[in-house]
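Chain A is already provided as a structure; the job is to place chain B with the ligands on it using the hints.
One letter stands for each residue in the lines below.
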Amino acid sequence: MESSIQVKDKKWANLADTLLNYALYIILGIMILVVIIIEPSFVSPKNLIKILSQASTRGILALGVAGLIVFAGTDLSAGRILGACAAVSASMLQSVTYASRMYPQIQEIMPKWVPFIIALAAGLIGTILVYRKTGSFQFWIPLVTTIATGLYYLFSSGTMTIWLPLLFSIIVGVAFSLLNGFGVAKLHLHAFIISLGSQLIAYGATCIYIDSQKGGAQPLASLDSQFIKLVNGSIPINDSLNIPYLVIYFALCSVVMYIIWNKTTLGKNMFAIGGNPEAAEVSGVNIVKTIMQVYLISGVLYGIAAYLEAGRIQSVTTNTGLNYELDAISGCVIGGVSFSGGVGTIPGVIIGVIILQVINYSLYYLNVNAYLQYIIKGLIIILAVSIDVRKYIKKK
Amino acid sequence: MFKKESDELSSEFVLEMIEIDKTFPGVKALDHAQLKLRYGSVHALMGENGAGKSTLMKCLFGIYREDAGEIRIEGKKVFFENPEQALKNGVAMVHQELNQVLQRNIMENIWLGRFPEKNGFIDNRKMYDDTMDVFKSLEINADPRNIIGKLSVAERQMVEIAKAVSYNAKILVLDEPTSSLAEQEVEHLFRIIKKLRDEGVGIIYISHKMEEILRISDEVTIMRDGQWIATEKAEDLTIQEIVKLMVGRDLTNRYPPKTNVPGETMLEVKNLSGRYMPTCQDVSFDLHRGEILGIAGLVGSRRTELLETIFGIRTRESGEVILRNEAGELHPVKNKSSRDAISNGFAMITEERRATGIFAGMSVTFNAIIANIIGYVKRGFLSTKRIAGDTQWVIDTMRVKTPSHKTPMRSLSGGNQQKVIIGRWLLAKPEILLLDEPTRGIDVGSKYEIYQLIISLANEGKGVVMVSSEMPELLGICDRIAVMSNGRLAGILDRSEATQEEILTLAAKYI
Ligand SMILES: Nc1ncnc2c1ncn2[C@@H]1O[C@H](COP(=O)(O)OP(=O)(O)OP(=O)(O)O)[C@@H](O)[C@H]1O
Ligand SMILES: [Mg+2]
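Same order as they appear, the protein sequences are chains A and B. For the first sequence, the numbering used here assigns the number 528 to the initial residue and increments by one for each residue that follows. For the second sequence, the numbering used here assigns the number 1438 to the initial residue and increments by one for each residue that follows.
Treat the hints with care, as some may be off.
Calculated cross-link-like contacts (lysine-lysine; reagent style DSS-like; alpha-carbon spacing at most 30 Å) [unchecked claim]:
#: 1; chain 1: B; residue 1: 1465; chain 2: A; residue 2: 713
#: 2; chain 1: B; residue 1: 1587; chain 2: A; residue 2: 790
#: 3; chain 1: B; residue 1: 1843; chain 2: B; residue 2: 1815
Label pairs and their calculated CB-CB ranges [said to hold, decoys possible]:
#: 4; chain 1: B; residue 1: 1514; chain 2: A; residue 2: 648; range: 41 to 51 Å
#: 5; chain 1: A; residue 1: 623; chain 2: B; residue 2: 1554; range: 43 to 53 Å
#: 6; chain 1: B; residue 1: 1562; chain 2: A; residue 2: 823; range: 25 to 35 Å
#: 7; chain 1: B; residue 1: 1605; chain 2: A; residue 2: 658; range: 23 to 33 Å
#: 8; chain 1: B; residue 1: 1566; chain 2: A; residue 2: 896; range: 55 to 65 Å
#: 9; chain 1: A; residue 1: 906; chain 2: B; residue 2: 1574; range: 48 to 58 Å
#: 10; chain 1: A; residue 1: 823; chain 2: B; residue 2: 1771; range: 48 to 58 Å
In short, the hints are calculated from the structure, not lab data. Since the structure is predicted, the reported quantities are computational estimates derived from the model, not experimental observations. Ideal Cβ placement from N, Cα and C applies to all residues, glycine included.
So that you can see chain B by itself, here it is in the shape it has in the complex:
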């Protein structure tokens, strides 16, 4: 009788993680965490930044070793010493941080660790064909011989997903796979996920995008502070309930009240084009004091490139960027480099914050204040007190979860690292903020706070330009939404008239 029950159990779940504990110096990252994944189902794993989602998955994948607890795959107890063993035993994973060899091409990245061989030599033909097969079945269009480093983040993300799928694993872990994908690619990913689910694969899906979760998942497990909170059928849940379970309190509105009132024009961008591909072409718009201007578009519509050209990271070919001060005087600015732009009152939070913005080995403090270091010099030395004060400000306003100021950046969770970087730029007190996907990878509670922060910055009379792939977010907090299509500006919609459909139509205008 007893035995029969356990038999039944093991046939139901492809993966069981029971009572997993994991402690890092100063943090109890997992505290009796648990997760049970059924065959042929999509299981969402939810929790705030730092809740322990990635840590739990890394224990499964053999990157970390759990302190206590049990992992069973198909009813059998397993213990993986390293990722190699996990892969061999049917577990594949798309990691939160893109782990790719930028100097090598797509196919070498996909088959890394298991290159096809013929007589002891690598079979390039087969590698190419196999890659094409995978791409074809997933409807991905890309030449397997392209160098990874030359692809956009979204393309790299898709390659990473294709790689995970190509292992034909029983268990597929997707740790924030959509963080850099736009709607269209997300749909594409969902088609892939549904196909795999129907083939019986158990899929663990981690994301901070609420709408996605309810659409794609069968079950939801929620974690908070390393602990298991609840596991429910997705159909029995609402976004409200999930958020409540995640943050442990009620959060009625996803977006704060819009209190900012746009004023005079403060920035004019006229016919701006960049020199080197990929780049924006002939883009004109203006930005008002206290305005939040959203920029929508599909992945590859060169929104990032537009911001980078304004900010001087990319070379300008033609066009003008003109500042208008309160007295109405016009000052064309060149923004030849980012330093130049910063001194002209611009700040930019880049899209790939983890890759381009983080000093992994340095402390939270160092990372928070580095852009502003000159500001702390007092009589030739750095003022420790002001530094500590500002670091605390960043930690408080951004709700960074860190054991101390001195903690090295690399031991923060992915979302918390991002928050520190955003805080760093806010410390610089810029007039014009260029934000590239400011809420990517950030949990709902903190998103709300970031929105609040953006609105209060606008209230102070700053101008905000915000690129985002999450349309609800753009519709929720922007005053106007500019839509890019293939490097050009397809149109600017007012908040009152903008709808998702209209944005999508415009986004396809020049394709």
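Chain A extracted, bound-state conformation:
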């Protein structure tokens, strides 16, 4: 099938190809270089770590949005969903000594009955799933382990449980994201439209929720100190260098997403549907199921990002999450996730998010006029993406 004559070897053409393939990394390099030339003190491990940790919650959000862009869709509601999830997380995480907290009784119910009921439910669902998948006796494993965990929490001394709000945050994120998924997969709406609607719903719900506090609409603040530590703590490497937990969470999410995208049937099906839905259909791929699963994963990531964001900014208002989706989408497209679907990589998304943060931070670091920052940021996004798409334009 291959014909084998070679035309004159064109070294420069190959070089150009290689340059294009690594265009993103080169852009990132050049940007850092420019900043260093202007301000040599910029490049310190501390600054770089700072950029990474600032990029992490939005990075996790972008990991969620990326899959939806691969479907040739998008998600305008990611930011508002994050806002809703963050409000839920924060409301459950207010420190017990704070007088005007949203749920005064929380430390009594939360550590006792709620974990037990959740454990019971998880155990049952796990059992059913395992049984349906294998049909074997192993189904008692999830049942027993989860009930045991539940019982332990029921009888253990009542300290604040900080992981439960994460669960609720994820549930809220998944609910909204599945609404989007339903619109795309079942109602055949474009993701732009359905998420345009759902972001309003999410925003309205957040406002009502925050407004429903006894003292009226006030920021959800004074969060539990244990939680703050969990989010903002870091692992000391040496005197001057700490690795923030946030960066580690981002890395973990990235690894999991990398595996899902590249090593599982779900990931491959996602790319196939994004690239050519008809081909996927005639090859026997269940399109509705795949789309719903990818949206579900996005919802989980939104929930995680929101939980961490609540801890990072330590005060959640109705405006939390505003425009985050734009950063996430910009990160994805800078990172080479194509809006026409079927193309994208997790490392690309990570680099994209980091490039965006480098722009943000270095403009701030160089003391550039705030309005000018917007213009420069806009130009760099356009430049980066237009260089990156070159590699998909077939030369003829």
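Coordinates of chain B with the ligands only, in the frame set by chain A:
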């Protein structure tokens, strides 16, 4: 007694489709259609463009749902809701339109929908090995990790065939599998088909290439206007008879009489080479007024690339394209883009018309006139009357089967979509026509008409360059045949001296 008979029947046929009806808005696509496929046999399904062949197969594969009728597989009544169920029940299909994910590689396309897994993760090793096994047994040479979008149409076609074979299905449907294959690949496909047939697979084979049908098939079913017309043993049929059954009238000659007389030189191509691989190299020829120049060659001999380089779709590295007007003056043209080429009087009908030429959601009218839209502006607005007139002209000359001018393009049959696109370019009234596989996927009756059209264009003094993989067609209507081999011109044969053997020898010259 009765029961025994039905037992016998069910053991004879792997597939029975009985009295299938299917109506689309405005079209009765299937009207009591029927098809009975025996184990270990090749069954050709024939009919003009729009006869309902693909629709019948899509009903079988669960893409469409029939309005009435019964489908039995191995005697058992089945009903597939979607392709997934059809695949699981032993039906595999190569679709008329290549359904591939261009951004992904070969092996991911082949195993899509059934990736091998190990502990919940995709087993890339196994996927690679399995692909290699399939390729080896089918004697296909390709790296499973190559991206589909970078392959040629013929290579993609072979991958699609390999994919269908890899399902190990009881019933294999091939809907125009050879439309973009050259002789050599067709032979290859036939070896594959014979092997599968001997293993007991029932194969349904749809094609518009008559010679193939009689060579490969055991039985032939002919359809017309969605109805079953006849089922016969292939050995009892001749091409003449099949054509007659298909079109419902006698069609004595496959090729119209050649009345065109080549005149002066109108185009010189000198040492033309393209810049980016794959491309043509150092190609020189000239074209006369009123001449039909055929271009033969194997798949991958870069005939398409040659046309594209002349037409400005591909970047020219060196060489010249020179127009000579009636007074004998020479005008070198650059053809930097297709727009440039069109204004220089060129038109090109591309090989992959379905992928590159069709606005699927738009009407037949829109698709027919879009290349020429400026021509319809009258006092700043489009003249509806002239548009309607020209659309009708396209429908008439190309014999397009469509319920109305407003019908969206996607609901036309594959062959009819192609006819509209060809008509679109004829409307542009070019001086030099570059045709890339102009009759691919088009039924015999309409082929004849396209040949007639080409000859009458030549009679008007236009120059026609025509790439084709069907040698009888080249021999039938061309004045000269240029043979390409591996990107270079291997030789030009005159109509009087050209034979199939000679073309094939030349085609292998630079390999
Ligand atoms: N999705 C659809 N919607 C409306 N009409 C359709 C649709 N698909 C097919 N048709 C119509 O049904 C008829 C049969 O089409 P079909 O594609 O089965 O023809 P075919 O025999 O495969 O022709 P070809 O040789 O051109 O591929 C045509 O008149 C076509 O216009
Ligand atoms: Mg068809």
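Ascending list of hint numbers which this structure does not respect: none
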